[in-house]
Amino acid sequence: MHDLLIGTRGEKKFLLGNEAIIRGAVEAGVGFVAAYPGTPSSEIIDGFAALGPEIETEVEYSVNEKVSVESACAAAQCGVRSLVSMKHVGLNVASDAFMTLAYVGVKAGMVIVSADDPSLHSSQNEQDNRYFAKMAGVPMLEPATPQEAKDMVVTGYALSEKYGLPVLLRTTTRVNHCRGPVTLGDIFPGKSKGTFTKDPFNLVVVPMVGRKLHLKLLEKHAQLKETSETSPFNTVEGTGPWGIISSGVSALYVQDAVRELGIKERVRFLKLGMTHPFPERLVAEFLSGLETVLVVEELEPFLEESVRGIAQKCGFRGKIAGKEFVPRAFELDTVLVKKAVSRFFGVAFQDPEPLAVPQDLPARPPNLCPGCPHRATFFSVKKVFGDEAVYPTDIGCYTLGLLPPLQMADFLICMGSSISTAGGFSRVLDRPVVAFIGDSTFFHSGITGLINAVNHERNLLLVILDNGTTAMTGHQPHPGVWLTKEGKGQAKVDLETLVRGCGVKKLAVVNPLQVKKTQQVLQEMKTGMKEGGVSVLISRSPCPLYERRILGTKQKVVFQVTGDCRPCREDLAQLGCTAFVWTQDRGGEACVRINEVLCGGCSVCAQLCDAIKPKKIEA
Amino acid sequence: MTTEKNGRFHGLRLFFTGVGGQGTLLATRLVGEVALAAGLHASMSEIHGMAQRGGVVESSVVVGDIQAPIVGEGQADVLVAFEPLEALRALNRCHPKTSAVVSISPIVPFTVAAGQGRYPDIGDAVKYLKEKLAKIVTLDAEALAREAGSVKAANMVVMGAVAAMQVLPIAKEAWDACLHRLFSPKLYDINQKAFDLGFARVCS
Numbered sequence: 001m002h003d004l005l006i007g008t009r010g011e012k013k014f015l016l017g018n019e020a021i022i023r024g025a026v027e028a029g030v031g032f033v034a035a036y037p038g039t040p041s042s043e044i045i046d047g048f049a050a051l052g053p054e055i056e057t058e059v060e061y062s063v064n065e066k067v068s069v070e071s072a073c074a075a076a077q078c079g080v081r082s083l084v085s086m087k088h089v090g091l092n093v094a095s096d097a098f099m100t101l102a103y104v105g106v107k108a109g110m111v112i113v114s115a116d117d118p119s120l121h122s123s124q125n126e127q128d129n130r131y132f133a134k135m136a137g138v139p140m141l142e143p144a145t146p147q148e149a150k151d152m153v154v155t156g157y158a159l160s161e162k163y164g165l166p167v168l169l170r171t172t173t174r175v176n177h178c179r180g181p182v183t184l185g186d187i188f189p190g191k192s193k194g195t196f197t198k199d200p201f202n203l204v205v206v207p208m209v210g211r212k213l214h215l216k217l218l219e220k221h222a223q224l225k226e227t228s229e230t231s232p233f234n235t236v237e238g239t240g241p242w243g244i245i246s247s248g249v250s251a252l253y254v255q256d257a258v259r260e261l262g263i264k265e266r267v268r269f270l271k272l273g274m275t276h277p278f279p280e281r282l283v284a285e286f287l288s289g290l291e292t293v294l295v296v297e298e299l300e301p302f303l304e305e306s307v308r309g310i311a312q313k314c315g316f317r318g319k320i321a322g323k324e325f326v327p328r329a330f331e332l333d334t335v336l337v338k339k340a341v342s343r344f345f346g347v348a349f350q351d352p353e354p355l356a357v358p359q360d361l362p363a364r365p366p367n368l369c370p371g372c373p374h375r376a377t378f379f380s381v382k383k384v385f386g387d388e389a390v391y392p393t394d395i396g397c398y399t400l401g402l403l404p405p406l407q408m409a410d411f412l413i414c415m416g417s418s419i420s421t422a423g424g425f426s427r428v429l430d431r432p433v434v435a436f437i438g439d440s441t442f443f444h445s446g447i448t449g450l451i452n453a454v455n456h457e458r459n460l461l462l463v464i465l466d467n468g469t470t471a472m473t474g475h476q477p478h479p480g481v482w483l484t485k486e487g488k489g490q491a492k493v494d495l496e497t498l499v500r501g502c503g504v505k506k507l508a509v510v511n512p513l514q515v516k517k518t519q520q521v522l523q524e525m526k527t528g529m530k531e532g533g534v535s536v537l538i539s540r541s542p543c544p545l546y547e548r549r550i551l552g553t554k555q556k557v558v559f560q561v562t563g564d565c566r567p568c569r570e571d572l573a574q575l576g577c578t579a580f581v582w583t584q585d586r587g588g589e590a591c592v593r594i595n596e597v598l599c600g601g602c603s604v605c606a607q608l609c610d611a612i613k614p615k616k617i618e619a
Numbered sequence: 620m621t622t623e624k625n626g627r628f629h630g631l632r633l634f635f636t637g638v639g640g641q642g643t644l645l646a647t648r649l650v651g652e653v654a655l656a657a658g659l660h661a662s663m664s665e666i667h668g669m670a671q672r673g674g675v676v677e678s679s680v681v682v683g684d685i686q687a688p689i690v691g692e693g694q695a696d697v698l699v700a701f702e703p704l705e706a707l708r709a710l711n712r713c714h715p716k717t718s719a720v721v722s723i724s725p726i727v728p729f730t731v732a733a734g735q736g737r738y739p740d741i742g743d744a745v746k747y748l749k750e751k752l753a754k755i756v757t758l759d760a761e762a763l764a765r766e767a768g769s770v771k772a773a774n775m776v777v778m779g780a781v782a783a784m785q786v787l788p789i790a791k792e793a794w795d796a797c798l799h800r801l802f803s804p805k806l807y808d809i810n811q812k813a814f815d816l817g818f819a820r821v822c823s
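Protein chains in written order, with the numbering used here: chain P, 1 to 619; chain L, 620 to 823.
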């Protein structure tokens, strides 16, 4: 049995926040789960997939976040409890569905997890998705610990069903990827089959229905306010003339800071877990009798704005501060919160000085793995198109192509933007435009951009880097996956047919690990671009980590430098393989050696330099 | 900080650093699990970077009367480094009273190969760390792990040393019991042996 299914009420487990969310949903009898992977949310859908047939829950790796919300809301409409998880920017993609879903509502509980990423550990921005709950008018819960994450999922389903609304569970990286003790509850078997009652005048949002539903939503909102006033997730501790208000993981930093500063007797602390609708009365009561109040929260002044509004309404005369003392960008920690609290309340403290990091330590930036086929594709495209071309890129492992020596990424804003922005670049520039997108990202939101480019006859080359998986987030499947455990699987959606179906006439498929052939095809495509229109090159070779893990393919050779590599030095430097070790030969000239442990055996370097030869790996 | 004069354990912040693939996260989890089994509160935090292989991996675990799972600047009571260059890079998390366990087998980043910076001399690095930190154990975890049967068990060599430093109020037997729970029977023997070699290195 899967570890997350073992254990009954009262048992304690050391769970990752994302595992706690799974356990909460299982305890609540979830029947339908859908997601597109994205850090820091990916373990939720992967965890459900790993539970497999041990639970009856349907697990859908959706093509994107909008689709995940749409499929899961249909299940919830039929009386099946559903869960959707995504990273923060995923909710932007899903927002079209999300905003109107609040009008239409749900019949069974639906929990939507938005995993925000303060400090951009693995994201393109650090937006604060608490505003999405406010904008859509849906209840929001903000856990601080794995325990709360589990409890709030369970409560979230009850809340969702009571009001017929989806509930937003807003986490941050430090909740999703924190591991802490979680006391389990019993698992209630849910249902994965439901019933649907036709009710078009409440479920089909033509204007007359939408108008009515908006008023209904506002009514629900008023009732929800009462719930948040008395939510057990909103707690007050301590007494004193000073007040601190916080939510989510920030509340933990506050608790540690207050204890370490030794000001527990002087501080009343309001820890909020249900933050939308905002508990106005609770906050007004909290403010009464206080002299000064500090709001401690990560990112935007979401709580602070509400607290200030309430203070105005209830005539609070004390001082309120927030973002003047607490940074607006990046994550908080206990040290930052301690500084803010001590400055605001005028408490002196002395922490030991952090030690200095020695200067000039070499950086260890993330990089494409040794043997990664993307490196070979970038190398060949650069050989043929050079620095003259503009290279819009997209979101995936290949975004790392921006680093030297490859430097094959010029512009990126979001999933699917490479092809759409390439269309714009090509219209206003007299330079070749070559866009890159991964296979999973292409299915997620590249298709519409490609259709647009074809329709408007943009002159560009789109390179689809097809490694047969969603590599960066941990090898999740997608509609074009052509490697699976079971029978090495065929693609369900054929990429070539799809691209042709979008109206692309100039299409070629290459294996980027065949360097000469790839460059020859690229040269032909470059020549063909003179006639205008969209060309597509599918550069196909499996992610080596995925291939080894899923197919169990063993690496047979590593490559070794056996002679003089100097004539090919420039090419090898351009390739920038992470298994290369640069040393000096007897004459003091730079030459390459290959680290056998790291070499992925892709053979690209051997095709560039005659001095590099394969060496069999001894079993 | 942490342990009061009368010996009652209050809490401890441990900061882990290493390179992707070294088993940093499993090692961090071991501390959390063993603390929990001993009836102490524990909370762990991990960061998944952008690369699957070769980037810096940082994680932390706090034990005892501490709520927040991450370790800010100058807050680490214990530094656990699986690689010497990353030990130096993590010094801003430490203060003059920090204890450390550092594996000295280097993993040279590709930036060095590309001529952007030089990898520090290991002897100098160890000397520097010894000067700055209150207490430090250095060991070649890779070599000891090989002796135990697999280079992959280097993380458990380091953890053996951490256990032997007795920064946590947890007996050797409790660590052993936890290893037993965390590893499958197939992997247990090698990892237990690696752990013991690390442990012995400190006690000898």
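Keep in mind that the hints were calculated from the coordinates and are not lab data. Computed from a predicted model, the values in this text were never measured in an experiment. Don't be surprised by glycine CBs; every beta carbon is placed ideally from N, CA and C. Hints may be right or wrong, so weigh each one.
Here are the computed distance ranges between Cβ atoms for each label pair [as the list claims (entries may be wrong)]:
| no. | chain 1 | residue 1 | chain 2 | residue 2 | range |
| --- | --- | --- | --- | --- | --- |
| 1 | P | Arg-549 | L | Ala-819 | 31 to 41 Å |
| 2 | L | Ala-762 | P | Lys-516 | 53 to 63 Å |
| 3 | L | Pro-715 | P | Ala-348 | 19 to 29 Å |
| 4 | L | Pro-715 | P | Arg-586 | 42 to 52 Å |
| 5 | L | Gln-735 | P | Gly-318 | 45 to 55 Å |
| 6 | L | Ala-819 | P | Lys-193 | 24 to 34 Å |
| 7 | P | Ala-329 | L | Lys-749 | 30 to 40 Å |
| 8 | P | Val-493 | L | Gln-735 | 40 to 50 Å |
| 9 | L | Gly-768 | P | Glu-56 | 41 to 51 Å |
| 10 | L | Glu-792 | P | Pro-404 | 44 to 54 Å |
| 11 | L | Pro-715 | P | Asp-3 | 39 to 49 Å |
| 12 | L | Glu-792 | P | Val-493 | 51 to 61 Å |
| 13 | P | Gln-607 | L | Tyr-747 | 41 to 51 Å |
| 14 | L | Lys-749 | P | Arg-317 | 53 to 63 Å |
Now the hints, each set against the structure:
1. Arg-549/P x Ala-819/L: 31 to 41 Å: holds (35 Å)
2. Ala-762/L x Lys-516/P: 53 to 63 Å: Given about 43 Å between the Cβ atoms, the range is violated.
3. Pro-715/L x Ala-348/P: 19 to 29 Å: holds (21 Å)
4. Pro-715/L x Arg-586/P: 42 to 52 Å: Once the Cβ atoms are compared, 47 Å apart, the range 42 to 52 Å for Arg-586/P and Pro-715/L holds.
5. Gln-735/L x Gly-318/P: 45 to 55 Å: Holds, at about 53 Å.
6. Ala-819/L x Lys-193/P: 24 to 34 Å: violated (59 Å)
7. Ala-329/P x Lys-749/L: 30 to 40 Å: holds (36 Å)
8. Val-493/P x Gln-735/L: 40 to 50 Å: Given a distance of about 42 Å, which is inside 40 to 50 Å, the answer is holds.
9. Gly-768/L x Glu-56/P: 41 to 51 Å: holds (42 Å)
10. Glu-792/L x Pro-404/P: 44 to 54 Å: Given range 44 to 54 Å: holds, Cβ gap about 51 Å.
11. Pro-715/L x Asp-3/P: 39 to 49 Å: holds (41 Å)
12. Glu-792/L x Val-493/P: 51 to 61 Å: holds (55 Å)
13. Gln-607/P x Tyr-747/L: 41 to 51 Å: The hinted range 41 to 51 Å holds for Gln-607/P and Tyr-747/L, with Cβ atoms some 43 Å apart.
14. Lys-749/L x Arg-317/P: 53 to 63 Å: For Lys-749/L and Arg-317/P the Cβ distance comes to about 56 Å; the hint holds.
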